[in-house]
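Number of protein chains: 2
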Amino acid sequence: MFAQRIQHLTSSIIREILAAAQQPGVISFAGGLPAAASFPEADWSTLPSYVKQYGMSEGEPELREAIAAEARSKGIRCDANQVLVLSGSQQGLDLVSKLFIDPESSVLVESPTYLAALQSFRLFQAKCQGVPLKGPGLDLELFETQVRDHKPRFAYLIPSFQNPSGTCYSVQARQDVAAMLDKYGLPLIEDEPYCELDYDGVAKPPICSLVQRAPWVFQGSFSKILMPGLRVGYLIAHPSLITHLVRLKQAADLHTNRPGQWLALEYMRSAEKPARLARLQAFYRERRDAFAAALESEFSDLADWQVPSGGLFFWLKLKQVRDTRPLLQPALAAGVAFMPGEAFFAEDEPPHGYLRLNFSHTEPELMVEGLRRLRQVLLSAA
Amino acid sequence: MFAQRIQHLTSSIIREILAAAQQPGVISFAGGLPAAASFPEADWSTLPSYVKQYGMSEGEPELREAIAAEARSKGIRCDANQVLVLSGSQQGLDLVSKLFIDPESSVLVESPTYLAALQSFRLFQAKCQGVPLKGPGLDLELFETQVRDHKPRFAYLIPSFQNPSGTCYSVQARQDVAAMLDKYGLPLIEDEPYCELDYDGVAKPPICSLVQRAPWVFQGSFSKILMPGLRVGYLIAHPSLITHLVRLKQAADLHTNRPGQWLALEYMRSAEKPARLARLQAFYRERRDAFAAALESEFSDLADWQVPSGGLFFWLKLKQVRDTRPLLQPALAAGVAFMPGEAFFAEDEPPHGYLRLNFSHTEPELMVEGLRRLRQVLLSAA
Chain A
25 MFAQRIQHLT
35 SSIIREILAA
45 AQQPGVISFA
55 GGLPAAASFP
65 EADWSTLPSY
75 VKQYGMSEGE
85 PELREAIAAE
95 ARSKGIRCDA
105 NQVLVLSGSQ
115 QGLDLVSKLF
125 IDPESSVLVE
135 SPTYLAALQS
145 FRLFQAKCQG
155 VPLKGPGLDL
165 ELFETQVRDH
175 KPRFAYLIPS
185 FQNPSGTCYS
195 VQARQDVAAM
205 LDKYGLPLIE
215 DEPYCELDYD
225 GVAKPPICSL
235 VQRAPWVFQG
245 SFSKILMPGL
255 RVGYLIAHPS
265 LITHLVRLKQ
275 AADLHTNRPG
285 QWLALEYMRS
295 AEKPARLARL
305 QAFYRERRDA
315 FAAALESEFS
325 DLADWQVPSG
335 GLFFWLKLKQ
345 VRDTRPLLQP
355 ALAAGVAFMP
365 GEAFFAEDEP
375 PHGYLRLNFS
385 HTEPELMVEG
395 LRRLRQVLLS
405 AA
Chain B
25 MFAQRIQHLT
35 SSIIREILAA
45 AQQPGVISFA
55 GGLPAAASFP
65 EADWSTLPSY
75 VKQYGMSEGE
85 PELREAIAAE
95 ARSKGIRCDA
105 NQVLVLSGSQ
115 QGLDLVSKLF
125 IDPESSVLVE
135 SPTYLAALQS
145 FRLFQAKCQG
155 VPLKGPGLDL
165 ELFETQVRDH
175 KPRFAYLIPS
185 FQNPSGTCYS
195 VQARQDVAAM
205 LDKYGLPLIE
215 DEPYCELDYD
225 GVAKPPICSL
235 VQRAPWVFQG
245 SFSKILMPGL
255 RVGYLIAHPS
265 LITHLVRLKQ
275 AADLHTNRPG
285 QWLALEYMRS
295 AEKPARLARL
305 QAFYRERRDA
315 FAAALESEFS
325 DLADWQVPSG
335 GLFFWLKLKQ
345 VRDTRPLLQP
355 ALAAGVAFMP
365 GEAFFAEDEP
375 PHGYLRLNFS
385 HTEPELMVEG
395 LRRLRQVLLS
405 AA
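Protein sequence lines, in the order shown, are assigned to chains A and B.
When we follow our numbering, the leftmost residue of the first sequence carries the number 25, and every step to the right adds one.
When we follow our numbering, the leftmost residue of the second sequence carries the number 25, and every step to the right adds one.
None of the hints are false.
The list makes no distinction among identical chains, and a pair is therefore deemed to hold if it is satisfied within one copy or across any two copies.
The list that follows gives simulated cross-link-like pairs (lysine to any residue, SDA-like), each with its CA atoms no further than 25 Å apart:
| # | residue 1 | residue 2 |
| --- | --- | --- |
| 1 | Lys297 | Tyr78 |
| 2 | Lys341 | Asp222 |
| 3 | Lys151 | Phe26 |
| 4 | Lys175 | Phe26 |
To be clear, the hints were calculated from the coordinates, so they are not data collected in a lab.
Keep in mind that this is a model prediction, so the values were computed, not measured.
Just need the whole structure built from these sequences, with the hints factored in.
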């Protein structure tokens with residue numbers, strides 16, 4: 025006899041599509057994989073032997089110091105004691121769910137939002153309430169209505185180059201959200217895996233640096249700027265939350281692997297870090313621009329989109345609105361993969377007509393061909 | 025407002041004692057740390073670049089094959105599809121808790137049992153029912169009574185060199201437990217981090233290899249035989265459970281770090297593996313024997329114990345029964361650390377008079393001195 029939560033246990037549709045998308049010949053716009061060509065060389069030969077032994081649940085002290093220092097430079101008031109190193113930032117969602125969610129608890133999410141966050145919150149039997157994105161931010165009025173109606177345990181936001189929409193909240197939008205969180209004392213979970221993938225120099229202060237009294241958790245990742253196979257991420261938490269989160273981490277996996285933490289610290293300390301990040305941004309900017317040009321030539325009559333200033337995704341809205349899920353199998357058969365937009369909405373009846381297309385993992389010379397295949401699928405299905 | 029489970033969130037007393045035990049001059053019998061001198065040399069310089077990218081939630085295919093092959097050699101009927109690589113075997117407890125435990129669910133544990141398992145099950149609001157160890161196994165009659173009275177979701181057992189008691193179930197005891205599990209269709213969680221630390225050649229078939237119809241999960245670890253800082257462990261599950269467990273792993277941290285998985289596979293494949301394991305067993309056997317001799321000279325009038333055939337711990341029963349928890353602070357002040365036995369019992373009113381002493385992490389020449397300090401604390405407190 026299983027626990028009740030198992031009724032809410034869904035496989036990640038992304039991972040299933042990814043498996044299908046790995047068939048030879050398929051051009052995949054489906055996943056969110058960093059480009060292998062973007063990974064730095066790593067010199068593992070100087071790995072110190074202390075990494076072999078058990079470590080601290082909180083993470084390596086020097087890595088926590090380095091993370092806190094970088095966060096302070098972004099305006100987050102924190103010290104190293106508020107930093108918890110994670111086994112990838114997905115683990116942060118698990119710990120936050122454990123901290124806040126009882127069966128039937130409400131949580132606020134953006135509409136659309138990160139698919140795996142919905143899965144984690146739902147596994148803990150939360151009711152996810154969506155707040156539509158509006159311009160460079162949230163629909164504030166609906167945000168307040170949802171807070172009043174549902175008394176959510178927290179708001180989960182991805183304000184920089186949001187997955188899937190690419191939205192980057194303006195400074196004003198961040199201030200407005202921060203004021204609303206303070207008004208209701210609503211905890212903020214701010215998830216920022218993409219904030220360094222800023223191709224047009226539009227980075228903004230974290231919302232948690234703007235709140236005055238609401239508790240907050242800020243999540244960051246080394247998966248996009250260093251390498252995801254290490255499984256090293258982190259959270260920084262308001263002093264009222266960090267002790268609980270450290271204990272939840274202890275219970276989850278004792279501590280994060282130490283070889284990966286060591287490499288992350290080497291990266292943080294490297295004099296080449298700014299140059300590396302600039303190269304990474306240039307690499308992805310070129311792919312973003314190539315994809316924008318390919319879209320312009322192949323999709324301008326079929327869909328609307330905004331060119332994202334960062335992150336890894338284009339978010340298309342079809343001019344002829346339709347459920348995009350039935351397009352997936354024909355697309356895979358035609359040799360192209362994408363993510364149906366419906367999966368990213370908390371609503372039981374999600375809006376139709378959206379597609380998420382990843383631009384980071386496909387060689388530029390294959391983008392036009394992939395989009396032509398997708399175009400044919402759309403036209404054939406029309 | 026936190027989730028209800030947070031009321032059950034306790035810090036690991038082991039980790040708090042470990043912090044205190046790391047003060048200079050303290051001889052620590054408290055933790056379960058492998059000896060640093062036991063760790064093999066590791067050549068990281070040939071780490072392949074594929075480990076940088078995201079990997080599969082299930083784990084590296086070749087590592088899963090190697091784990092399944094070794095398990096089959098122990099009698100476990102399984103293939104690689106039933107193997108899930110974990111971020112340390114602590115994660116297995118988290119996944120199993122998610123799979124089976126609703127608030128107020130009962131689970132059966134040995135009495136005494138592994139402290140961190142109690143913490144994990146309690147965090148998910150389980151009621152833990154203890155079944156006393158009896159001889160080289162469980163008190164079967166009480167086991168059946170507990171199954172009938174409490175309808176537990178699973179039985180959690182550590183049959184080889186059990187933590188904390190050192191008990192190694194006999195073949196007969198394993199068969200009896202397997203028959204009881206089959207009789208009630210009760211799922212078995214068999215946790216075997218110590219089964220390779222077998223100093224007297226007494227290893228026995230896993231209980232899961234003896235059950236006919238009860239579902240089961242077998243957990244193993246690389247922390248004790250390779251190095252714990254990698255955070256790589258695994259579970260092998262009955263076909264009816266593995267799909268759920270893989271999805272729960274996905275939601276918890278996507279997948280286990282790939283550099284650590286690579287090193288674990290190198291270890292599994294190495295022609296030197298049998299020789300390495302024999303050296304490790306010899307290393308710990310020597311420490312076990314040194315500790316037994318030190319105990320004999322310092323504690324034979326104060327306590328009773330059995331010399332364990334494997335694992336990392338001696339389990340002492342004081343001749344004068346008393347609550348051992350108030351002894352901890354005086355012991356730390358006197359420069360010696362131990363684990364009070366009370367922490368290892370599921371019962372609200374745990375039995376008194378037990379101490380767990382680790383022998384793996386202390387240099388043999390310090391063992392007598394540490395035990396003399398502990399003896400003085402006991403005598404002063406009497």
